Amino acid sequence: MRFLFKTDYEDDIKLFPHSGYYVSYGILIALLLAAPYVLSSYLMSQLVFVCIYATVGVALLILTGFTGQASLGHAAFLAIGAYTAAYLQKYNVPFPVYFLAAGALTGLIGAMVGFPALRLTGIYLVIATISFALIVEEILARWESVTNGNEGMRVKTLSLLGVAVPRDSPAFYFLCLAVLVLTIVGTLNLLRSPTGRAFVAIRDSETAARSMGVNVALYKVKSFAISAAITGFAGVLFAHKLSFISPEMFTLQLSIEFIIVILIGGTFSLHGAVLGAIFIVMIDPFLTYLKDDMPGIIAGVAATFGAGNERAASIQSSVAAFASLNGLKGAIYGIIIMLFVLFEPLGIYGRWLKIKLFFQLFPLYKRATFKRQKIYVKSERNR
Amino acid sequence: MLDFVQQLVSGIALGCVYGLIALGFVLVYKATEVVNFAQGDLMMLGGFFAFTFIGMMGLNYWLGFAGAVAAMALFGMLAERVVVRPILGYPQFSIIMATIGLGYFLRSIAGMIWGTDDLKIETPFSQGVLRIGALVLAYDKLSVIAATIILCALLYLFFNKTTLGTAMRASSENMLAAYYMGIPVKRVVSIVWAISAAVATCAGVLLAPITFIHSNVGLVLGLKAFPAAVLGGFGSIPGAVVGGVLIGVIESMAGFYLPEGWKDAAPYIVLLAVLLLKPEGLFGLHVRKKV
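Protein sequences, first through last, are from chains A and B. This note's numbering applies: residue 1 is where the first sequence begins, and numbers increase by one. This note's numbering applies: residue 1 is where the second sequence begins, and numbers increase by one.
Be careful, since some hints might not be right.
Stated by the list, open to error - With the Cβ distance kept under 7 Å, some of the chain A side facing chain B (calculated, not the full set):
#: 1; residue: R142
#: 2; residue: V146
#: 3; residue: L325
#: 4; residue: G334
#: 5; residue: P345
#: 6; residue: L346
Stated by the list, open to error - Beta-carbon label-pair distances, calculated as ranges:
#: 7; chain 1: A; residue 1: L361; chain 2: B; residue 2: K161; range: 15 to 25 Å
#: 8; chain 1: B; residue 1: W62; chain 2: A; residue 2: D292; range: 40 to 50 Å
#: 9; chain 1: A; residue 1: R119; chain 2: B; residue 2: N216; range: 28 to 38 Å
#: 10; chain 1: A; residue 1: L161; chain 2: B; residue 2: F212; range: 50 to 60 Å
#: 11; chain 1: A; residue 1: L361; chain 2: B; residue 2: Q92; range: 30 to 40 Å
#: 12; chain 1: A; residue 1: I13; chain 2: B; residue 2: Q92; range: 51 to 61 Å
None of these hints come from the bench; they were simulated from the model. Keep in mind that this is a model prediction, so the values were computed, not measured. Note that beta-carbon positions come from the ideal geometry of N, C-alpha and C, so glycine has one too.
Same shape as in the complex, but just chain B (with noise of 0.2 Å):
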């Protein structure tokens, strides 16, 4: 039983990267129907540039997390710029491939500037844990967990509650309908990617004390986002979140109680099943189309 609660703690803990992830993803796919592949290399990239300011600077922890995020914010803004605006509206196909591109060149450039260690940044939270009777839970794991829970009630109350908000929900609807209401859409999708990338950010510094950071984690911990992205339903943001602590903790369930071997292959699995049983995903809209 404790070994349970404990495998489900960490599987939470896990699938809230997960789902930190596939928000990146979903606010994309929402905004602009474009799916970034490129999502898990932009929170390495957000990890790496917590290091540089955590690391190698000296920074204060939260004054360098904040720095990262607003660096990356303007990375993703450029990002859009240079590689998704000209094709955007093209066929999914060419957008997938371009962003593997931005991928492949992040994970590069990545590996070229800070090398191929696996790196480690101090956080408040490294080393205590918070016992409960019999049960140890690290404060790292918390601290992913409450600040996924603190990050999807902001992102709930910036898009339900502010004008801004209400327009990135407007040009996901129907991008022409907004663009003719006077929505300048082309602004919305670069703060779309901007939050996207703030969002990716905040995943890599938290996922910093749990696993290393390299240059190959994004795109480890970015395919496992997929499966949570289409668990939740393809554009839904809790969807994301749930889908993602749900593929934690299947993982970390199946690392557990299963068959080495198991741990890896069982979010594909689910994955698999899902599209086959109910592609919508659990909170996905299921949209007749009209001819």
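Looking at chain A on its own, in the form it has when it is part of the complex (with noise of 0.2 Å):
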């Protein structure tokens, strides 16, 4: 283990607090470049869907997680990109034009959005931005001149300086994952700036922020329209990954799944953002998983520990059709949130915090460390 004795600022503001991590996102890269020629191509696409989403997830954290404003509306935002990048595609508009065109009418939107939430807080923000993304929606739907409303719009593939990128090539996913670092470093960055540090007062007590000096209005504007347009730019690369959207693609269950990518993740760290996104994206083919290979595997096991072949067989049977039940990923969704909510609020990332913090007091760990305190009921009601 390690110990850091930071002696200045400029310690506490690093990119990397040691070198170890050089090393080790270093290692983590050069597996994520060498990906496309070792994984099959269902687990590319996978792989670019976590590259999307832990983009969203890092927008949201910087909305949720560092600011502290809880929005339900991130879908919205994440359609509004797509759509602009599908409508100007029609006019053969180039590649950069539009994604940075997608980007930055997301985050006027966002601030358009950020300056209503500014009297609300709490529970009224959650409800204000549900019913922002709800209309949204509707508009999408009706809006036919511009989007084609319920019919949806094609997607042209996607084309970079005069090269063809389709959705499925390697070129694709390396785009992904350019955009999803560009996002990490420049949240690291916004994160050790000013702009962070204001971002995270606000978030821990808002009078002591403003009594500090900070703009509490502005920030707040900032924030919201930062992470709208970081979720911009991944509706943009959502439309080509899909090459095809309407608006039944951008519902509240799409920003119920982004809150939980960060709530599983953890709401305070970005590789909660990175975690919570491979958790969401992989529930589908842990799914498949669960339908088509794991009956087979229990009827085995049933079989080797002296269960009979009909015994085995029904076995079998019952867990395939318990793996095919509908709606059993969205039973799994509300379990998971509960136990999350419950028992791990600071997400896998905290969890791993734990496990590391064990390891690196070994003989000398408490059991006590994370226990919660009980708090006593705080009024929301009357700030």
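Using the hints, put the two chains back together into the complex; each one sits in its own frame.
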């Protein structure tokens, strides 16, 4: 283990706390760059979705995790980015232009949502962002001259500087990965800048931040705009990956999935957004696995432990029947959310920190280190 | 004119259902500052319970209704005990997420148990219509309005005339102080959840003849109940019902007089406007924080 002695402010705002990070992130990046030549095309496609979800997760983290403004409307920002791309593409606008335009437009709309959000806290903000998302969904379905209504829009193959980048090519994956890495590095830089510090100050105590001279209104709007803009960029990639977009794809369900991404990953760390994205994207392959292979494996295990062939076959069919229930994904989501909120509010990353601390302090670890304190109800009603 | 009145009555009937769901939100919010995003799903589950008792087991309508209400009251207590109590007092965001998770879970489980078809409950009011001149009013809509009035009256009496109601009001004002005064706050919260689930069940059963019961009905109507609760002022019981009725009327008028598409968006536009102009709602308390 390694003790970090921070002796001045520069130590506190380093991008990476110590040199070990360069090694581990270097290995991770190398593995990710090698991935297209190793993994199957299905897994590659999932990896692209991980990148996109993680980008949105980071965007949401800036808003929810670091500024403390909950939003259940990020599917709407994703939709605005995706539709801007699809619309501009019809007029042969080159990719870099519409990519930036989508981000700019989404950021602008994000700022516009941020202004009303200034007066709202807690539950009211959640409800306001939900209604924003529902209104956007309705506009997408009705503004047929632009969005083609419920029939949806085709998105042509991405072409970057005259080179076609098909949605299942390694190049497209590298593009998504690059966007993700740039987003993460940008966010890390943002968080060690005065802006990021102001965000965190607002999250921890709005009153204290204001009394320290932080312009709370300005930074809240900024946070909304930045978060929305990043989501807009992710939306462009999302549209290209799916190659077809329609309003039904950007429902409240998707917003909740994004919240799950940061909730499961851990709401205070960028690692969390990536871990959560991996989790959300991998649920589908996991369910497929559960459906296709798991019954056979369980039956095989049962057979080796002395169950007869008939018994094994009946176990196999009942497991298969369970795995192909059509609400299973929703139920798993629900259970996972509840378990995380109840038992591990810091998410997967928090669990990792605890395990790490256990080994660092090995013989001296106290079981009550992370015990949650009983908090008495502080009213959020009258603030 | 006739169309207008017709729309008005159906809007009021729909609005009463929104109001009943919003009432559930408000009861729980008032007592514990928890916003139960699964309220609509409790309503859906109540509808399915009633369907099981009435449609599948062949019980009398009223008996099945009572059975469903009782079962859901127990279920509400269970949900409170398992999901909400361990995190009571933590930031609202975690509680919102927990109830969203609960909603997901209930929706999927209901889909697994009862299937995804639209179900229908035969009620005593299903067929008849009341004719006043040229005006035709369906009994099922009138029954919803009547039941809402009765429920509101009962809740009003309960909160203002009984010891338990007073204890609930006390613990909603200040939970810690109520605890010091000897009110068993945990039990009170349990009972609040039971009542809220029971109210949701009433909404679900009354709604059954108007829109069919299926596993997603809770999500759709639960989201419509938010504008109702906010419009009335989160935390005000009469406000919830008035807000619900207003939202129902607005929605039904928008569906009738405005182009297609406004019907679904109108409640949320109203909601955003209310949040911007008068966040405390129509009946909400506006309390300034004193330092």
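Hints, verified against the model:
{"no.": "1", "hint": "R142", "verdict": "4 Å, holds"}
{"no.": "2", "hint": "V146", "verdict": "14 Å, violated"}
{"no.": "3", "hint": "L325", "verdict": "5 Å, holds"}
{"no.": "4", "hint": "G334", "verdict": "3 Å, holds"}
{"no.": "5", "hint": "P345", "verdict": "6 Å, holds"}
{"no.": "6", "hint": "L346", "verdict": "11 Å, violated"}
{"no.": "7", "hint": "A:L361 to B:K161: 15 to 25 Å", "verdict": "58 Å, violated"}
{"no.": "8", "hint": "B:W62 to A:D292: 40 to 50 Å", "verdict": "48 Å, holds"}
{"no.": "9", "hint": "A:R119 to B:N216: 28 to 38 Å", "verdict": "32 Å, holds"}
{"no.": "10", "hint": "A:L161 to B:F212: 50 to 60 Å", "verdict": "54 Å, holds"}
{"no.": "11", "hint": "A:L361 to B:Q92: 30 to 40 Å", "verdict": "33 Å, holds"}
{"no.": "12", "hint": "A:I13 to B:Q92: 51 to 61 Å", "verdict": "31 Å, violated"}
Taken one by one, the earlier hints fail for this structure at numbers 2, 6, 7, 12, listed in ascending order.
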